[in-house]
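Chains as they are written, first to last, in this note's numbering: chain A, 3 to 322; chain B, 34 to 167.
Keep in mind that the hints were calculated from the coordinates and are not lab data. Keep in mind the model is a prediction, meaning the values are calculated, not measured. Treat the hints loosely; a few may be bogus.
Ranges of calculated distance between the beta carbons of each label pair, as one might list FRET restraints [said to hold, decoys possible]:
id	chain 1	residue 1	chain 2	residue 2	range
1	B	Gly49	A	Glu237	29 to 35 Å
2	B	Gln115	A	His279	38 to 44 Å
3	B	Glu142	A	Thr44	47 to 53 Å
Ideal placement from N, C-alpha and C gives every residue a C-beta, glycine not left out.
Here's the letter readout for the chains.
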Amino acid sequence: MIGKLVNGIIHGETRSIARAISWIENDVPQKEELIDALFEHTGRAQVIGITGPPGSGKSSLLDRIIEQERKRDKKIAVLAIDPSSPFTGGAILGDRLRMQKHTVDAGVFIRSMASRGHLGGVAGATSDSVKVLDAAGFDLIVIETIGVGQTEIEVMNIADLVMLVLVPGLGDEIQALKAGVMEIGDIFVVNKADKEEANRLKAEIEYVLHLKSEDEKGVKSPIFMTSATENTGIEELVNGLHEYMQRMGENGTLRERRRRRVTLELKKIITAKIEAHVHKFLETGNNLDVWIDQILRKKTSPYKLINEKVIQILKELKEK
Amino acid sequence: MSRKIRILISKPGLDGHDRGAKYIARALKDAGYEVIYMGIRQSPEAIVKTAIQEDVDFVGLSLLSGAHNELFPEVVRLLREQGANDVIVFGGGVIPQEDISFLKEQGIEAIFTPGTPIQKVIEFIETNKERVLH
Ligand code: B12
Ligand SMILES: Nc1nc2c(ncn2[C@@H]2O[C@H](COP(=O)(O)OP(=O)(O)O)[C@@H](O)[C@H]2O)c(=O)[nH]1
Ligand SMILES: [Mg+2]
Chain A
3 MIGKLVNGII HGETRSIARA ISWIENDVPQ KEELIDALFE HTGRAQVIGI TGPPGSGKSS
63 LLDRIIEQER KRDKKIAVLA IDPSSPFTGG AILGDRLRMQ KHTVDAGVFI RSMASRGHLG
123 GVAGATSDSV KVLDAAGFDL IVIETIGVGQ TEIEVMNIAD LVMLVLVPGL GDEIQALKAG
183 VMEIGDIFVV NKADKEEANR LKAEIEYVLH LKSEDEKGVK SPIFMTSATE NTGIEELVNG
243 LHEYMQRMGE NGTLRERRRR RVTLELKKII TAKIEAHVHK FLETGNNLDV WIDQILRKKT
303 SPYKLINEKV IQILKELKEK
Chain B
34 MSRKIRILIS KPGLDGHDRG AKYIARALKD AGYEVIYMGI RQSPEAIVKT AIQEDVDFVG
94 LSLLSGAHNE LFPEVVRLLR EQGANDVIVF GGGVIPQEDI SFLKEQGIEA IFTPGTPIQK
154 VIEFIETNKE RVLH
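Using the sequences provided together with the hints, build the complete structure.
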């Protein structure tokens, strides 16, 4: 079963790719084996994150970027993330509505993804899904995030490069954005440049970036002006993206980032696995209740008990 | 493991009546499903490609224009041709009673006409979802 799926994926078959992403989203037990089997085929794709406030035109812009990349004969995959309802777990996934002219193009794969409670602006399944798309031979993989606030910045840990889309009319919000989100952008896009005040926004971004560059090592972030609806500035943006990416390759930033990505991923997954084991341990056989009683009755002291239990958990882990 | 049911809602053909489809999409979201909303003016081919990329469990089609007897079966046919044999197709809209048995023969498993309570749609999904849980 896994062999067939892996084979389908590395031959770029849509159904296999799509099913693999579902496996990851649903966290099926075979997921790990799948990712490991695909691993040797990964590492070729460029991964771009596109983020910015909801309604700034991320999906519309992406539609235009796909158009450009297709002219250059690039195979492109999109993971578009939308929020799941915290109350029902349901979601309406509507990003692809804006990218419909590419639906029947075999060189384009678009997948909508619900966040399923994951915080950070992407889904928990996003980073493993990128590996599937990479192994499937896409040249470019784009992650469209839910949107940004101060904490929705996880895309920077998954993508090689982050494109931050801003629009005129946010008013003073750019000041607020400055603190958290401005920092994750490698490339800045002022979309809706057909609107008034786009130039003023550009000047504001330039000012903020100027402040930022003073305390860093002088890698300049370009700013592009686009209108997704009027189809202007797109070619410049796409050229700029590739130039930036190339520069990142040359000056070692790309290597550094990919190394950091693996570092964070290893830490996160190892921690999560141990944590899951700890939870299981705490929940089995009412362990926790017994200890609480022991402490409340002063049969033991808290740290004595805690350290005993930690040793016990570690021993169990070792035996597994 | 945490399995979620994914449903594609779309309108094939040229029919622009989208209130019903939007209403259904939102109601299914509120019922806890993941709904990919594709909107109006879709070709059966585009619907099927999307269903496969999104790996949906159900495809819900909506038509009020009268073209359901051609377009609904075409979606089922293309899905099966592409090997998506497990995807369940259902639909709704202004559809005369006398067409429903024909559509069912063609593999559209349920039809919901104006005024059907959303609970009926949810019941349909709940009773059939076991078949697609892989
Ligand atoms: C509102 C309306 C319009 C609005 C549409 C606004 C919009 N964006 O949706 C406007 C004014 C634009 C319009 C235009 C036209 N309309 Co009109 N319209 C209606 C009307 C009065 C109500 C439709 C509606 O919104 N109902 C409310 C929604 C919530 O109900 P619903 O769509 O039926 O959905 C429910 C169920 O059917 C079901 N359902 C629907 N889809 C799905 C999908 C799934 C997966 C599931 C599970 C369930 C489901 O669940 C929903 C909730 O119960 C109907 C008459 C009627 N009583 O249905 C005519 C009607 C649909 N229109 C009709 C016509 C002819 C037209 C025009 C061609 C008129 C013209 N000559 O210009 C144009 C065509 C527009 C176009 N581009 O396609 C005819 C169609 C005739 C036919 N089938 O043979 C109807 C039936 C009127 C009639 N009796 O003649 N229309
Ligand atoms: N005027 C103008 N509107 C745009 C532009 N780009 C997108 N929009 C509109 O902005 C709205 C939100 O776009 P969307 O791509 O869905 O934004 P997202 O939420 O960031 O993905 C839509 O109504 C678009 O038509 C643009 O360049 N100019
Ligand atoms: Mg979007």
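So, going through the hints one by one against the coordinates:
1. A hinted range of 29 to 35 Å holds for the C-beta pair Gly49/B and Glu237/A, which are about 33 Å apart.
2. Taking the beta carbon of each, Gln115/B and His279/A are about 42 Å apart, inside 38 to 44 Å as hinted.
3. At about 39 Å, the beta-carbon gap between Glu142/B and Thr44/A misses the expected band of 47 to 53 Å.
Consistency note: the structure conflicts with earlier hint 3 alone.
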